[in-house]
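**Q** From just these sequences and the hints, can you work out the full model?
Here the protein sequences line up with chains A and B, keeping their order.
Note that our numbering has the first sequence beginning at 1, numbered continuously upward.
Note that our numbering has the second sequence beginning at 1, numbered continuously upward.
Just so you know, the hints here were simulated from the structure itself, not pulled from any lab data.
Errors might be hidden in some of the hints.
[Stated by the list, open to error] Below 20 Å or equal to it, Euclidean Cα-Cα: the simulated PhoX-like pairs (lysine-lysine) are:
(1) A/Lys247 <-> A/Lys160
(2) A/Lys293 <-> A/Lys112
(3) A/Lys324 <-> B/Lys102
(4) A/Lys293 <-> A/Lys87
(5) A/Lys262 <-> B/Lys102
(6) A/Lys109 <-> A/Lys293
[To be verified] Derived, one-sided and incomplete: chain A residues facing chain B with beta-carbon distance under 8 Å:
(7) Thr173
(8) Glu199
(9) Ser200
(10) Gln201
(11) Thr202
(12) Thr206
(13) Asp208
(14) Gln212
(15) Val213
(16) Glu215
(17) Ala216
(18) Ser220
(19) Lys223
(20) Gly237
(21) Glu240
(22) Gly246
Just so it is clear, the structure is predicted and the values come from calculations on it, not from any experiment.
Just so you know, even glycine gets a beta-carbon here, dropped at the ideal spot from N, CA and C.
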Amino acid sequence: MKKTLIALCTLAVGGMSLSACGGSEAADDGSITMGFAQVGAESGWRTANTTSIQDSAEEAGIDLKFSDAQQKQENQIKSIRSYIQQKVDVIAFSPVVETGWDAVLQEAKRAKIPVVLTDRAVDTEDTSLYVTFIGSDFVEEGEKAGQWLVDNADASDVDKDGAVNVVELQGTTGSAPAIDRKKGFEDKIAADSTIKITESQTGDFTRDGGKQVMEAFLQSNPKIDVVYAHNDDMGLGAIEAIKAAGKKPGTDIKIITVDAVKDGMTALAAGEINFIVECSPLLGPQLMDVAEKVVAGEEVPDRIVTEETTFTPEQAAEALPDRKY
Amino acid sequence: MPETVGTVKALGARAMAHRLFWPLAALGALLVVNLIATPTFFNVRIQDGHLFGSLVDIVRNGAPVLLVAIGMTLVIATRGIDLSVGAVAAIAGAVACVYIVKSPVDGAAGTAVVAITMALAVCVALGLWNGFLVAVVGIQPIIATLVLMVAGRGIAMLVTGGQITTVNNDAFAALASGHLLTLPVAALIALGVFTATQIVVRRTALGLLIESVGINPEASRLAGVRSRTIIWTVYVFAALCAGTAGLIIAANTHSVNANSLGLWIELDAILAVVIGGTSLAGGRFSLTGTLVGALLIATLTRTIPNIGIPAEANYLFKALVVVVVCLLQSPKARAVLQRRGDRTPTSREEAVA
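**A** Encoded structure:
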């Protein structure tokens, strides 16, 4: 047993040093080199995020070194280490999880390489470990959804009984977008006493999860006026469940979602979803802008919110032909 | 009068001794809890020409787990285990959906038939691979199938290009949301596979041979049983069942998400098998038990949103129910409980005397 352990450790150490030696040193010819450690390619949203970063790097003339961590923190740490070895000018990454980054970020700091976080934040006491965080404000997304419902409360009371009964399909329990989108939404609807969340359950951000939970809600609760789903996919699942129950999604039950991916926008344009709050993956241009400023030694704000909008069915129909993801 | 009481007691004892008594009791208890939370829980009505209600949903949504669990039962009976079923389901869904999307006539029923056939053919190949590692190379099943469990999701991601692939094909969608004679097609497929498997293993010697391989592969081989072929067969069958489950899950939302399709379904399936009274040590197995186990899991999944368990407590609630069911099934735990129950009246009698 002991021998196997030792052998495994040797292998692991060997593997690490190999990967660390792998890259060549970045040539210092005045152009900016950026190392980007992506989470993976788990969704259409993420792929659009990757494409945006790659395209805007090319446009800005930034030399991009890209790695895909396949949802594993150790892979991301490994590629960040290799970027430090290669002496890139700036490191950017979307952390897979919130914690456990202090050691590798310290290494980057000692090597005087600025770090930019994108899309997801890290949980650390020492905020000097990174320059800035570019990403969506999930609370604000929830607030936008809630505000729309407050503004359209009368039209949303489908059964005209004076109460707007909302069922909520939450994202993966404990994930930042699920917690924040719930909070923002609740904060806004508190302004109108007729709006109430009657049921709330996780659909794990998936279509299948959203469909199964919605099926249960439809059976146990005959007076649902509004569905608030934390992402488009769960909303699309809910649409299926509502159709199977013989009701018309968007008319008999109003649907609000977050994300604005292509499938969601298609449903919105068809009137099956009523309102979508955008959560944009296209933060490439903002990232390149920040990278240039940081390398030039300019000050940047420590929190940069992605430019995002909201969509009604009419706006969706307009935006749909250009929607890439 | 005392005689009747005696007979009733004896009957009760015999029922309680039955292997499936406790899982069935747990299933019944869960249904009652749901009925209390929602008095209309058992209501089934006709909606657009098919049955519609919570119970129908449970049977339909439970179909994938039941399918995977049927294959898993036979694998476990040979003293094996198949961890790759979730990944195989994802690959099947991915292959079918990508084929349909790429096809020039993506809405045609014929396209769906070709897509389903292709997906199942891929599953046979994957099952052959698992069977090869276990039966020929002799790798322990848990490790052999772990290979495909990890690699399979990667394959599914490659097939879909990492994207959620949405299809528009009514024939394919009918696999999950279609109805035949007012009954959901998904449930009919699962029950059909269940009945066919039950007949094949119990009306032929196959079931006996599987059990003998599970009890002692070496002795069975010496007795003339072709263990290798049997093991190979059960892994291919398990992969086929998993593939069918994957197709139903994909059809349910007209889309495939290689990351989440069938994620952790292997654990649900193993749980269904164990709740049904089949031992992980191999040998004797019960498909009827697996059916009850799968229905229990499907009901449990529906209970959570129905009685309004907060999202944070989902897993805890599930775990509690599973622990209780397993304890009830364990003869040792039951004996301890019974002794406690018996002791109280005896001591009272002594006090009276």
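**Q** Take the shortest C-beta to C-beta distance between A/Ser200 and chain B; is it under 8 Å?
**A** holds, 7 Å
**Q** Verify the interface restraint on A/Glu240: the C-beta must sit less than 8 Å from at least one C-beta of chain B.
**A** holds, 6 Å
**Q** Once the shortest beta carbon distance from A/Thr202 to chain B is found, is it less than 8 Å?
**A** holds, 4 Å
**Q** Does A/Glu199 hold up as a contact with chain B if the rule is Cβ-Cβ below 8 Å?
**A** holds, 6 Å
**Q** Close enough to count: is the Cβ of A/Gly237 nearer than 8 Å to one in chain B?
**A** Holds. Min distance 6 Å.
**Q** Holds or violated: A/Lys324 and B/Lys102, Cα atoms, limit 20 Å.
**A** holds, 18 Å
**Q** Minimum Cβ distance from A/Ala216 to chain B below 8 Å?
**A** Interface hint status for A/Ala216: holds (4 Å vs cutoff 8 Å).
**Q** Is the interface hint for A/Glu215 satisfied, with its Cβ closer than 8 Å to some Cβ of chain B?
**A** holds, 5 Å
**Q** Decide if the proposed pair is consistent with the structure: A/Lys262 and B/Lys102, CA atoms, cutoff 20 Å inclusive.
**A** holds, 18 Å
**Q** A closest beta-carbon separation below 8 Å is what the hint needs, so does A/Gly246 meet it against chain B?
**A** holds, 5 Å
**Q** Against chain B, with CB atoms and a cut of 8 Å, does the hint on A/Lys223 hold up?
**A** Cβ of A/Lys223 sits 13 Å from chain B, so the hint is violated.
**Q** Can A/Asp208 be said to touch chain B, with a Cβ gap under 8 Å?
**A** For A/Asp208, the interface hint holds, since the closest Cβ of chain B sits about 5 Å away, which is under 8 Å.
Violation of the numbered hints given earlier is confined to hint 19; every other hint is satisfied by the structure.
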